[in-house]
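Enquirer: In terms of the working numbering, the sequence shown is residues 1 to 612.
Derived by calculation from the structure, the hints in this document are not laboratory data. It is possible that part of the hints are untrue.
Stated by the list, open to error - Below, computed lysine to any residue pairings styled on SDA-like, alpha-carbon distance capped at 25 Å:
#1 362 x 385
#2 169 x 28
#3 169 x 182
#4 362 x 408
#5 362 x 87
#6 362 x 197
#7 169 x 183
#8 362 x 489
#9 362 x 387
#10 362 x 345
#11 362 x 422
#12 169 x 408
#13 362 x 334
#14 362 x 433
#15 362 x 388
#16 362 x 401
#17 169 x 388
#18 169 x 185
#19 169 x 203
#20 362 x 85
#21 362 x 393
#22 169 x 133
#23 362 x 557
#24 169 x 197
Unchecked claim - Derived DEER-like restraints, expressed as beta-carbon distance ranges:
#25 70 x 485: 41 to 51 Å
#26 533 x 370: 19 to 29 Å
#27 572 x 77: 12 to 22 Å
#28 225 x 80: 30 to 40 Å
#29 485 x 52: 31 to 41 Å
#30 235 x 51: 28 to 38 Å
#31 190 x 129: 38 to 48 Å
#32 193 x 52: 52 to 62 Å
#33 75 x 572: 18 to 28 Å
#34 534 x 333: 27 to 37 Å
#35 536 x 333: 47 to 57 Å
#36 479 x 532: 31 to 41 Å
#37 207 x 26: 36 to 46 Å
If you're wondering where the values come from, they're calculated on a predicted model, not measured in any experiment. All residues carry an ideal CB built from backbone N, CA and C; glycine is no exception.
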Amino acid sequence: TGEVLAMVGSVDYWNEGIQGNYNAALAQRQPASAFKPIVYTAAFLQGPLPGYPNGITAATMTYDVGMEFDNGGQPYTPVNIDRQYHGPMTVRDALANSYNVPPVQLVNLIGVGPVIRTAHRLGVRSLNQASQYGLALALGSAETSLLDLTYTYNVFNTGGYMAGMPVHKDEETPGLRTLNPVAVLRIEDADGRVLWQYADETATFQRRLILEPALAYIMTDILADNEARQPAFGRDNAMQLTRPAAVKTGTSNDNRDSWTVGYTPQIVTGVWMGNNNNHSMNDVTGESGAAVVWHAIMEYVHTRDSLPVQDWPQPASVVERVVCQTSGLLPTRYCPQVRELFLADPALGLDTQPVQADPYWKNYSVNVCTGRLANASSPPACVEDIVFFDYPTEVRAWARETGQRLPPTEYDVADTGSPFSPVAIVSPPFLARVRGTVEVRGSATDDNFAYYRLDYGTGTQPDVWLQIGEQQSEPGRDIVLGTWDTTGLSDGAVYTLRLTMVRTDNTPVTSYISVTVDNQPPQITLAEPIAAAQYRLGQDLYVPLQAEPDDNVQMAYVEFYQDGQLIATSEEWPYTARWDLTEAGDYTFWAIGYDAAGNSAESAQVSIRVVG
Numbered sequence: 001t002g003e004v005l006a007m008v009g010s011v012d013y014w015n016e017g018i019q020g021n022y023n024a025a026l027a028q029r030q031p032a033s034a035f036k037p038i039v040y041t042a043a044f045l046q047g048p049l050p051g052y053p054n055g056i057t058a059a060t061m062t063y064d065v066g067m068e069f070d071n072g073g074q075p076y077t078p079v080n081i082d083r084q085y086h087g088p089m090t091v092r093d094a095l096a097n098s099y100n101v102p103p104v105q106l107v108n109l110i111g112v113g114p115v116i117r118t119a120h121r122l123g124v125r126s127l128n129q130a131s132q133y134g135l136a137l138a139l140g141s142a143e144t145s146l147l148d149l150t151y152t153y154n155v156f157n158t159g160g161y162m163a164g165m166p167v168h169k170d171e172e173t174p175g176l177r178t179l180n181p182v183a184v185l186r187i188e189d190a191d192g193r194v195l196w197q198y199a200d201e202t203a204t205f206q207r208r209l210i211l212e213p214a215l216a217y218i219m220t221d222i223l224a225d226n227e228a229r230q231p232a233f234g235r236d237n238a239m240q241l242t243r244p245a246a247v248k249t250g251t252s253n254d255n256r257d258s259w260t261v262g263y264t265p266q267i268v269t270g271v272w273m274g275n276n277n278n279h280s281m282n283d284v285t286g287e288s289g290a291a292v293v294w295h296a297i298m299e300y301v302h303t304r305d306s307l308p309v310q311d312w313p314q315p316a317s318v319v320e321r322v323v324c325q326t327s328g329l330l331p332t333r334y335c336p337q338v339r340e341l342f343l344a345d346p347a348l349g350l351d352t353q354p355v356q357a358d359p360y361w362k363n364y365s366v367n368v369c370t371g372r373l374a375n376a377s378s379p380p381a382c383v384e385d386i387v388f389f390d391y392p393t394e395v396r397a398w399a400r401e402t403g404q405r406l407p408p409t410e411y412d413v414a415d416t417g418s419p420f421s422p423v424a425i426v427s428p429p430f431l432a433r434v435r436g437t438v439e440v441r442g443s444a445t446d447d448n449f450a451y452y453r454l455d456y457g458t459g460t461q462p463d464v465w466l467q468i469g470e471q472q473s474e475p476g477r478d479i480v481l482g483t484w485d486t487t488g489l490s491d492g493a494v495y496t497l498r499l500t501m502v503r504t505d506n507t508p509v510t511s512y513i514s515v516t517v518d519n520q521p522p523q524i525t526l527a528e529p530i531a532a533a534q535y536r537l538g539q540d541l542y543v544p545l546q547a548e549p550d551d552n553v554q555m556a557y558v559e560f561y562q563d564g565q566l567i568a569t570s571e572e573w574p575y576t577a578r579w580d581l582t583e584a585g586d587y588t589f590w591a592i593g594y595d596a597a598g599n600s601a602e603s604a605q606v607s608i609r610v611v612g
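Model the full assembly from the supplied sequences, consistent with the hints where possible.
Expert: Below, the structure written as structure tokens:
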């Protein structure tokens with residue numbers, strides 16, 4: 001209803017030693033991680049983004065690893081409260097556990113402006129100095145009041161509606177909320193006549209839809225997910241009530257502010273704990289301070305008022321899908337599967353469900369006797385199929401440093417034969433990436449030569465072999481053994497080539513190589529520079545270039561072009577370069593990405609202007 005049921009701004013109004021007559025519920029304080037739901041909501045609202053064709057969702061994979069960001073020319077490396085990083089995870093897990101790198105990544109992606117506009121839209125009336133906020137805004141560095149933040153959370157609780165009294169016309173500010181919470185419900189004169197009343201009939205009570213109900217429901221579902229937050233907070237944490245409750249804590253720098261804001265379908269409660277003089281509380285956090293008070297208040301009020309246990313109604317535009325754990329993409333037979341919520345509203349043309357199959361959970365044939373990847377020469381008794389998560393490039397260093405379970409990178413020594421052996425496949429080389437029509441070269445000779453045959457099979461130890469071309473009765477060295485058409489084969493899959501030379505006494509001699517087929521070109525976008533960006537000579541030194549390529553197997557390198565001229569090549573993530581500014585003018589940039597098989601793709605062109 002938007003009614004303020006209770007407000008306590010000080011523990012002791014008359015205590016001058018603690019500035020007790022100061023209403024801390026209205027004070028401007030850093031909300032810290034209690035601001036993160038606003039950040040994620042802003043990301044949800046952006047729709048399709050570079051690298052995220054369906055937009056940011058609760059299932060989107062993000063990275064909690066050490067990253068350095070450019071924060072207005074200054075390096076910024078966010079850290080977590082436990083001084084550790086936790087690797088790749090979904091947005092749901094990142095928010096539930098309040099990890100710090102993922103929201104900074106999102107603000108770096110969408111910009112500070114959308115976050116501020118979303119905060120204003122949801123009810124925050126501060127944050128009026130946009131130029132003063134950098135990426136730390138993602139972690140709640142800008143100040144707001146406990147009243148405003150609690151009112152904002154009520155929008156999530158009511159399915160996207162803001163309830164309250166219209167802001168007085170003298171206080172209306174473009175872009176800020178148009179309703180206010182209400183503490184006075186009725187005013188009567190001495191004779192009991194009603195002079196003013198908070199009610200529908202008098203238009204003093206209003207409800208306005210300001211957030212898509214599906215997004216409000218999904219945010220509530222994340223904040224109420226006690227299972228998801230267990231890695232950071234444990235199972236029996238102060239945020240868990242004896243009924244469904246959505247809640248978020250926050251702890252500002254140096255433990256100056258301890259926050260908890262949360263709700264059930266009936267009541268929203270916000271708690272701030274701290275010192276009026278802004279001194280640190282040493283080791284008091286959002287969880288150990290404000291959350292304990294919030295828990296006690298919520299349990300007491302619901303019991304005192306005999307409020308029934310309720311859950312939030314799920315909008316028809318929220319659909320539940322099975323996705324792969326960690327990646328949030330469509331499931332394969334190899335990935336652990338979880339259920340996730342998505343916005344899908346055909347009437348509005350909105351569908352955030354994933355369309356890409358997971359490429360990260362992969363099955364590897366491993367020689368468990370050697371610890372290496374198996375091939376056709378490995379002893380069958382030692383070969384086992386093992387599923388690994390193939391960590392993206394951005395988090396592989398973290399995976400190695402933290403001892404994550406990684407797939408082997410080396411193969412068993414294959415019986416490929418020496419290039420000088422009478423029976424050997426010389427080209428393509430072992431573990432090559434191949435595409436299209438492949439010319440297989442090598443040797444097949446022997447004093448008792450009868451014929452040779454070239455075959456291929458799926459995987460490193462095929463059960464079925466398919467012949468390439470016809471059986472050949474002419475021996476030779478360094479010859480074309482056969483021509484292999486890979487265009488109809490599975491992209492990204494490993495295949496094994498087998499050369500079999502048979503002697504006149506019917507004894508065979510074999511040679512094997514394994515290769516990866518990749519006929520699918522990469523995808524690539526130019527993340528920087530931004531289209532229509534303007535740079536100034538003397539102020540800006542260079543134009544930053546960053547490409548975001550994606551390939552189903554392996555990227556090789558990226559070339560950057562400026563007005564048709566190759567200006568830089570980058571061979572490793574994050575695929576960046578710089579173009580020094582020398583004279584004013586209009587310039588156009590693009591990038592071409594090449595994968596390890598030689599497939600290529602070109603980004604859209606981006607034009608910028610350099611002024612004197």
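Enquirer: Hints first: check each against the structure and report whether it holds.
Expert: Structure-based check of each hint:
Between residue 362 and residue 385 the alpha-carbon distance is near 10 Å, which keeps this suggested pair within the 25 Å criterion. As the CA atoms of residue 169 and residue 28 are separated by approximately 24 Å, the hinted pair is consistent with the 25 Å bound. Restraint check for residue 169 and residue 182: the C-alpha separation of about 16 Å stays at or below 25 Å, so the hint holds. Distance hint between residue 362 and residue 408 is fulfilled; the C-alpha atoms sit about 12 Å from each other, no more than 25 Å.
Proximity of residue 362 to residue 87 is assessed by CA-CA distance (about 18 Å); at most 25 Å being required, the pair is judged to hold. The hinted pair formed by residue 362 and residue 197 fails the criterion: a straight-line CA distance of about 64 Å is larger than 25 Å. Only pairs whose Cα atoms come within 25 Å are accepted, and residue 169 paired with residue 183 is accepted, the gap being roughly 19 Å. Taken as a hint, the residue 362 and residue 489 pair is honoured in the structure, with Cα atoms around 18 Å apart against an allowance of 25 Å.
In summary, the hint linking residue 362 to residue 387 is supported, as the alpha carbons are separated by about 5 Å, within the 25 Å threshold. Using a Cα cut-off of 25 Å, the hinted pair residue 362 and residue 345 is violated, with the two alpha carbons roughly 33 Å apart. Our distance criterion of 25 Å between C-alpha atoms is broken by residue 362 and residue 422, whose separation comes to about 36 Å. For the hint linking residue 169 to residue 408, the alpha-carbon distance of about 67 Å lies beyond 25 Å, and the restraint is violated.
Proposed proximity of residue 362 and residue 334 is supported: the alpha carbons are some 6 Å apart, at most 25 Å. Between the alpha carbons of residue 362 and residue 433 the distance comes to roughly 18 Å, so the proposed pair stays at or under 25 Å and holds. In summary, the hint linking residue 362 to residue 388 is supported, as the alpha carbons are separated by about 6 Å, within the 25 Å threshold. The suggested pairing of residue 362 with residue 401 holds, with an alpha-carbon distance near 21 Å, which does not exceed 25 Å.
With a C-alpha separation of about 61 Å, the suggested pairing of residue 169 with residue 388 is violated against the 25 Å cut-off. Of the pairs offered as hints, the one joining residue 169 and residue 185 holds, with about 20 Å between alpha carbons and a cut-off of 25 Å not exceeded. Distance hint between residue 169 and residue 203 is fulfilled; the C-alpha atoms sit about 14 Å from each other, no more than 25 Å. Annotation: proposed proximity of residue 362 to residue 85 holds, straight-line Cα distance about 24 Å (limit 25 Å).
This hinted pair checks out: residue 362 and residue 393 have alpha carbons roughly 15 Å apart, not beyond 25 Å. Using a Cα cut-off of 25 Å, the hinted pair residue 169 and residue 133 is violated, with the two alpha carbons roughly 29 Å apart. Taken as a hint, the residue 362 and residue 557 pair is honoured in the structure, with Cα atoms around 24 Å apart against an allowance of 25 Å. Between the alpha carbons of residue 169 and residue 197 the distance comes to roughly 18 Å, so the proposed pair stays at or under 25 Å and holds.
Restraint check, residue 70 to residue 485: a C-beta distance of roughly 47 Å satisfies the suggested window 41 to 51 Å. Judged by the Cβ atoms, the range 19 to 29 Å given for residue 533 and residue 370 is violated: they are separated by roughly 53 Å. Remark: the range hint 12 to 22 Å for residue 572 to residue 77 is upheld by a beta-carbon distance near 20 Å. For residue 225 and residue 80, the Cβ-Cβ distance of about 19 Å falls outside the hinted range of 30 to 40 Å, so the restraint is violated.
Separated by about 35 Å at the C-beta atoms, residue 485 and residue 52 satisfy the suggested range of 31 to 41 Å. The hinted window of 28 to 38 Å between residue 235 and residue 51 holds, with their beta carbons roughly 35 Å apart. Between residue 190 and residue 129 the CB atoms are about 46 Å apart, so this pair conforms to the stated range of 38 to 48 Å. For the pair residue 193 and residue 52, the supplied restraint of 52 to 62 Å holds, since their beta-carbon distance comes to about 59 Å.
Distance hint for residue 75 and residue 572: a CB-CB separation of about 20 Å, consistent with the stated range 18 to 28 Å. The supplied range of 27 to 37 Å is broken by residue 534 and residue 333, whose beta-carbon atoms lie about 50 Å from each other. Taken as a hint, the range 47 to 57 Å holds for the pair residue 536 and residue 333, whose Cβ atoms sit roughly 55 Å apart. Separated by about 57 Å at the C-beta atoms, residue 479 and residue 532 break the suggested range of 31 to 41 Å.
Distance hint check for residue 207 and residue 26: the Cβ-Cβ separation is about 24 Å, which falls outside the suggested range of 36 to 46 Å.
Figure legend: structure checked against the earlier numbered hints; hints not met, in rising order: 6, 10, 11, 12, 17, 22, 26, 28, 34, 36, 37.
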